[in-house]
Each structure stands twice: as structure tokens, then as C-alpha cells.
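Enquirer: Dock chains B and S against the given chain C, drawing on the hints supplied.
Chains C, B and S, in that order, are what the protein sequence lines are. Residue numbering for the first sequence follows this note's numbering, starting at 1 and increasing by one per position. Residue numbering for the second sequence follows this note's numbering, starting at 1001 and increasing by one per position. Residue numbering for the third sequence follows this note's numbering, starting at 2001 and increasing by one per position.
Hints listed in this document are in silico derivations from the structure and should not be mistaken for laboratory results. By construction, the Cβ of each residue, glycine as well, lies at the ideal position given by its N, Cα and C atoms.
Label pairs and their calculated CB-CB ranges:
#1 E217/C x S2154/S: 14 to 22 Å
#2 A1149/B x G2200/S: 47 to 55 Å
#3 S2046/S x F10/C: 55 to 63 Å
#4 D132/C x V2105/S: 29 to 37 Å
#5 S1052/B x V15/C: 47 to 55 Å
#6 E102/C x V2105/S: 37 to 45 Å
#7 G1106/B x S65/C: 42 to 50 Å
#8 E208/C x P1080/B: 48 to 56 Å
#9 A1149/B x T2112/S: 50 to 58 Å
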Amino acid sequence: MKRLANPYLFGAVVVATIVSFALPDADSFRVPSLARIIFWHLPCAFLTTGLVFLAAWFGLRYLGSRDTRWDIRGAAALELGALFGALTMVTGILFSKVQWGEWWQNDPRQTSFLMVLLILAAGLSLRAGLSDEKKAASAGAGYALFSLIPNFFLMFVFPRLPQVRQRSFHPSETIQTGGFDGAYWTGILVVFACLAWVTFIVYRLRVEAGELTVRAEFADGNREADRGSAAPDRMVRPVPVPPGGGD
Amino acid sequence: MLAVRDLGRKFGPRWVLRHIEFSLEPGEVLVVRGRNGAGKSTLLRLLAGLLSPSEGTVALPPGPLRTAVGYAALDLALYPGLTAREHLQFSATMRQIEDSGDVLLGQVGLANAADRPVGQFSSGMRARLKLALALQASPPVLLLDEPTASLDEEGRAIVDTLVDRQRDRGVVVLATNDPHDCRQATGVLQLE
Amino acid sequence: MKEVAAVFQKEWRAEVRSRHGLFTAGLFSVLAVVAMSFAGYGLRPSGSLAAGMLCVTLLFSAILALPRTFLIEDEQGTFDLLRLIGEPGPVFVGKTLYNIVQMLVTGALLGTVFLALSGVEVRSGPLLVAGLGLQCVALAAAVSLCGALVIGASNRWVLAGAVAMPLLLPQVFLGVGALRVALGEGMSAGGWQSVAGLAGFAVAALASGPLIASAVWREE
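Next comes chain C alone, as it looks inside the complex:
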């Protein structure tokens, strides 16, 4: 936890917060002063996207090597992906209420991101549903890899479909065609850098905690074996049977 109490990190969070309040209002929105939640909404969405791909990459590495370290990294990426997915959802819902008057208005972009979040939640429940660690690790890795197909569609193809663009209130057009001015992008990048730093630290902590748990379980198993309660901790070799039978 000491790493999270880093003064530089604290300073970066303060700077990011100040930047997101200090920049001029976005006049193209209904309530310009409250549109600045975008500074936090977009970086959360970027991080979710990155973490989804990272989880799939770690899944691929795990299935290729069966090395527990990749499984721990995959689980960490998935959990953080779900966290940032939820934050994207919450900030998006707040934006929707303020700018469009409804918490939830079945906007295709809202719905598609909810689907991404559900896929991440399903990945977490799959891991939790399998009690055997190895099985959970390989199934989780397989799911993370396969879910790239719908996730890729929902994140990159779906928002660009003409029928979705027509029906959606989401300012994708503004974002994708560079409709934001330079100051806005600066704000988004500052907050993104800050959040990415926090994410990296939390990710490292989660990975270290996972590796410590594995080591502790191994040590516990050794102790149990030493006490003789689980299995004899000694070499077991067969003995020849004397002539005349085995009993």
C-alpha cells in the first residue's frame, strides 16, 4: 500500500483533477460545464479496452506455457478491466442524465458497453465457478481469448455501423473525427496518464498478492505434509515382493 501513498502519484491525481476543472466548458453540449466528466469517462473506457486485450494476451501466454504467473496477470487484468468498465458505465450514465435527461435511454453505445461489462463479469464468474485452480486458470484463459471476438466487435465495429451512428446520442462522431479541440485532448491525456499510473500500481500489487498467495499455499502444503496429516513427505519407492505372493 506504500506505493499508493506515493507523493508523486498524489500530485498527479491533484493535477489531473485541477486540469479537468480548469479547462474551458465544452459549448457543444447541453450543460457545457458538466460535460467535463468526459475527462474521466474516456480514459476509463481506453483503459478497459487495453485491459481486455491484455487479459487475452496473458490467457494466450498461460495456455502456451501453463505458467501460473501468466494466470495471475490475466486475472489481475480481468478484474481491473471490470473495475474500469464499471467506472466507464457509471460516468456514462451520469453524463446521460445531465446532458440528455435520462439515466438510461437504450442508446446503442450504452447498451454495447454494458455488453462488454457483462462479458467481463461472466469471465469473473467463470473463474469463481471452478474450484480447481488449474481448471479455473485454463478456462479463464480460454474465455478471455474467445471473448476478444465479441469484445472487438462491440468496441470497434459496432460504434461505426451506420444504423448505430444514426440512432445514437453518443458523441462518437465528435471524438472519432477530432471534433474536440486541443485543450480537451490535453485534459483527457493528463487524466489518462494519471489513471494509467494508478492502474499500473494496483495491477502490480494484485500480481504480487497473487504470487504471494501461491507461495503461501505451497508452504502450507509443505507444512501439512511435514506433519504427516496429508501425505508422507518422503521418497516412496516400491519394494520387491518375496517369492510366494504379495501378501
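Expert: Here is chains B and S on its own, set in the frame of chain C:
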């Protein structure tokens, strides 16, 4: 032919088996004994490739696992809707070997029940069919977990004959506490 | 290839002798369509609504029936036998092919009964057949993989549905996009674009499924 080095398996934090070491040469029959929960079945599942080791290695004869190892166990289930002959046909196709189903069924005393669905079999008949499936690919390594537990005298005699024949082409590992099964043993592994 | 055919044949024999999977899926589909017909008070749904109802019913019948081919092996304890005698790849492909056939039969039955009871007019037969068929293939491929992944879980039947459902929602979206045009709403080009999307999904799922399932099944 079969070499096990420092083999261990844990479930969760609990080690069920640790530091198991042995090697077998053709003609040897190893009997694995131990109280309930000592890890006999786990050891055989590790040797059969149904479980992966938490530590250590199992060295088997070269070739695909499905033809190198024959495995029969009490808890190995069969398809209730398929007949004995269909089981052997299916298994032969999957193992990419020639189907010698009728010969095998004759050897295990199931020739008359070849076309009956396994769902109608007694536990002894199922045990015989599992033996036939285990022997189908003439594997160099035969693993039998409690092979005579549900068999009558005739069935036990069949197991004795098949184990004897197996010694000519490879090794046998038997997990059992039944004194009858230990008669052909050349070595014993006592798990505690 | 022989191994794939052997797995398919085994599934077919089990189905013919027990009539569990196809019968359950078929019965569910017919019941769902009849229930929708009742709930609609005889009103004729619009093309978009009809397409949505058809795709959601397909989704639920897939989730209800398809994981069975994998989970039954786990439940009756025959998965070990399968792993002892076969390689994971052909086993997965054989079972997935069986699921595709089962889903195509279910889709044909469901589509026919739905159109007969709802009275919705078909504007483009080829688009309806292509959309429905590819939807069935894509659903079967994805649900098969999810069934394979949850083997070993204590609550595997529920988990298979929970895990598969979010993965299938984009396919449902594309299916609705194709079928609504086939049933009289929207532009023809948009319908065929959705069919192309469904085909992409089906190909991606069919190509990656065996590789992922093999890697996951390799060891326990």
C-alpha cells in the same frame, strides 16, 4: 518403460501425493496399496494423463497417450446408451487402430452381451468392458484401479490371465488392497 | 476426419436413443412461439419486433440445449473415457458439428412455426434463410465452446448459460439486423451487411473454438 520421478499432486493447498519415485521394466507388475484416501487412484490418474502433476515427471513409452496407456477404474464411466460393441468401435476409431472388438469381448467373457446397451449391464459386466477398452490398443502400460472389486470368480480369473499376458508386452500397475490382486506382483508401493 | 465423424455418430446415436437434446430444444422453441402468440393477443408484430422475438427465442433454445453435449460427459463421468481414447480437437469439432445440425433443425422448426403463428410476411426468403442459418451456426459454435469451458464446475448448467449469454448478444444484434429486413423493415443492403457480420462471427468462432478447447482440455 515407465519411470516416475519425484511425482506430486496437490488439490488446492493440500498435497495428496508427494515424492513418488519408481521405474518399471517390461514384465513387472507393481501393486499400489494404501488406506482409503492415501492417493492410489490419484497416482493412477496421474500415470494415465488424466491429471497433470503439481511437481515431478512421468516418463511413458513413446507414442500417443491413447495407445501407450490402457486404464480401467471403478469410477470410469461408460455411455449407457451405447452397446459394448459400439464402445469398442468408437474407441478404436478415436485411437486410430483396427477394431478387434469381437476378439476382446470374447476374452473378457462378454461375447453374448455385445449388442446390449451398457445401461443394462451389471457392475461386473461394466468392469469387464472397461478391461477390454483398456487392452484394446495393446498398450505397453496397463493401469488397473481396483480391477476385481465388482467381479465374480470367473471375472477374477480373466483379470489374472490378462495381467499375465500383459507382462509379455509391458508393465502393469494395480491399485488395490485385495490380497487376490497382489499374487502376480513383482513389487509393492505402499502409500501412507 | 474419421474421429470427428465417430464423435458425431456417437452423439447422434445417444440422441436417437434418448431424444433429450433435440426434443428439448424443439419443444422449448414451439412452446415459446405459442406463448408469444398468446401474449400478442393476435396482433401482427412489426418486422423488427418479430425479428427480435425470433432471435431471442433462438438464443434461449441454444443456451438450454447445446451445452448438454459437453456437460453430460462431465455429469455421467464419461469425459475421462473420452480423454483417454481421443484427442481434444476432433472431440470438440465432432460435438460442435452435432450442435450445429441440432441448432439448424431447431432454427428451421422455430422459424416455420413462428411465421405460421405470427402471420408476419417474408419480404426476402434468401435473406431469411441466410440470416437464420448463420445465426444458428454462430450460436452453436459459441455455446459449444462455453459448454467445453465450464466442464468441471459444480454449477455448470447455470454457469454455461451465464457465460455464453453476453458472448452471444452481438450475434443476436446482427441476427435481428438481418431478419428485420427479411421480414419487411429496413434496407436490403443493411440486412446483407448483418449476414456478412454473422458469417464473420461464425467463421471466427468455428476457427478459434477447437484451438481454445484443445488448449483448455489438455490437462486438468
